[in-house]
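J.: Numbering-wise (our numbering), the sequence shown opens with residue 1 and increments by one.
Calculated from the structure, these hints are not laboratory results.
List time: in silico DSBU-like cross-link candidates among lysine-lysine, alpha-carbon distance up to 35 Å:
#1 LYS34 x LYS177
#2 LYS68 x LYS34
#3 LYS32 x LYS120
#4 LYS199 x LYS34
#5 LYS177 x LYS32
#6 LYS68 x LYS197
#7 LYS31 x LYS120
#8 LYS32 x LYS127
#9 LYS165 x LYS34
#10 LYS199 x LYS120
Computed Cβ-Cβ distance ranges for the label pairs, DEER-style:
#11 PRO190 x CYS17: 37 to 45 Å
#12 GLU113 x GLU13: 54 to 62 Å
#13 GLU113 x VAL15: 54 to 62 Å
#14 ASN158 x LEU121: 12 to 20 Å
#15 GLY11 x ALA49: 53 to 61 Å
#16 LEU121 x ARG201: 19 to 27 Å
Since the structure is predicted, the reported quantities are computational estimates derived from the model, not experimental observations.
Backbone N, C-alpha and C fix where the C-beta goes; we use that ideal spot for every residue, glycine too.
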Amino acid sequence: MLCKLSGESIGPETVRCALREAGLKAVKKVKKPKLTRNAKLERIAFAEAHLHWTVDDWRRVLWSNETKINRLGSDGIKWAWKKGGENLNDNMVVGTGNFGGGSIMFWGCMGYEGTGNGCKLERTLNKEVYLEILGDEMERSLEDLGLEPGEVIFQHDNASAHRAKVCLNWLDESGIKVMEWPAYSPDLNPIENLWAKLKRRLGTYNSPPPLKHT
Numbered sequence: 001m002l003c004k005l006s007g008e009s010i011g012p013e014t015v016r017c018a019l020r021e022a023g024l025k026a027v028k029k030v031k032k033p034k035l036t037r038n039a040k041l042e043r044i045a046f047a048e049a050h051l052h053w054t055v056d057d058w059r060r061v062l063w064s065n066e067t068k069i070n071r072l073g074s075d076g077i078k079w080a081w082k083k084g085g086e087n088l089n090d091n092m093v094v095g096t097g098n099f100g101g102g103s104i105m106f107w108g109c110m111g112y113e114g115t116g117n118g119c120k121l122e123r124t125l126n127k128e129v130y131l132e133i134l135g136d137e138m139e140r141s142l143e144d145l146g147l148e149p150g151e152v153i154f155q156h157d158n159a160s161a162h163r164a165k166v167c168l169n170w171l172d173e174s175g176i177k178v179m180e181w182p183a184y185s186p187d188l189n190p191i192e193n194l195w196a197k198l199k200r201r202l203g204t205y206n207s208p209p210p211l212k213h214t
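All chains should be modelled from the sequences, with the hints used to inform the complete structure.
T.: If you want it as structure tokens, here you go:
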């Protein structure tokens with residue numbers, strides 16, 4: 001296309017040099033959910049609805065979500081420095097095999113006063129499993145964090161298990177208000193910062209830390 005427009009032969013390296021001189025550099029595209037117009041409007045409506053919330057309002061919220069946790073390392077590529085002709089050492093190897101690694105799915109929650117209870121998901125999250133979580137970990141978290149069922153606002157996303165009628169009915173009958181949540185909006189949930197911190201801590205281990213049941 002450039003050759004046709006300029007009438008000259010232009011090679012790829014010439015184009016790259018011109019882009020660099022213009023202050024541009026190649027970056028890896030970030031994978032994010034592509035928001036529809038309705039999803040964008042939902043996010044705007046959420047922001048406007050909470051624009052004037054006070055600190056006391058936010059104190060009432062119990063945030064929750066599930067996350068995948070790798071017990072050793074991440075799914076991404078790891079890099080190491082190596083001199084020419086140097087033999088492999090432990091710092092250049094990512095272990096595989098039956099060393100207690102792998103990943104787990106975990107549900108957890110947090111409030112203004114700190115973290116609540118959490119649990120490893122032994123089965124695929126469905127309405128039955130989620131109902132057990134609500135009646136166990138979530139209820140105990142309310143008590144531990146000093147949140148009253150009639151005052152707390154419970155946040156969860158729009159996963160099918162979360163939106164199951166039996167689960168929503170249980171929350172309603174328990175006097176627990178559910179926060180309206182815009183689709184594809186994990187970035188609005190502060191618990192994502194907790195997950196990131198947890199995974200960074202796990203990344204400092206040379207071998208998988210033991211799992212503890214609480």
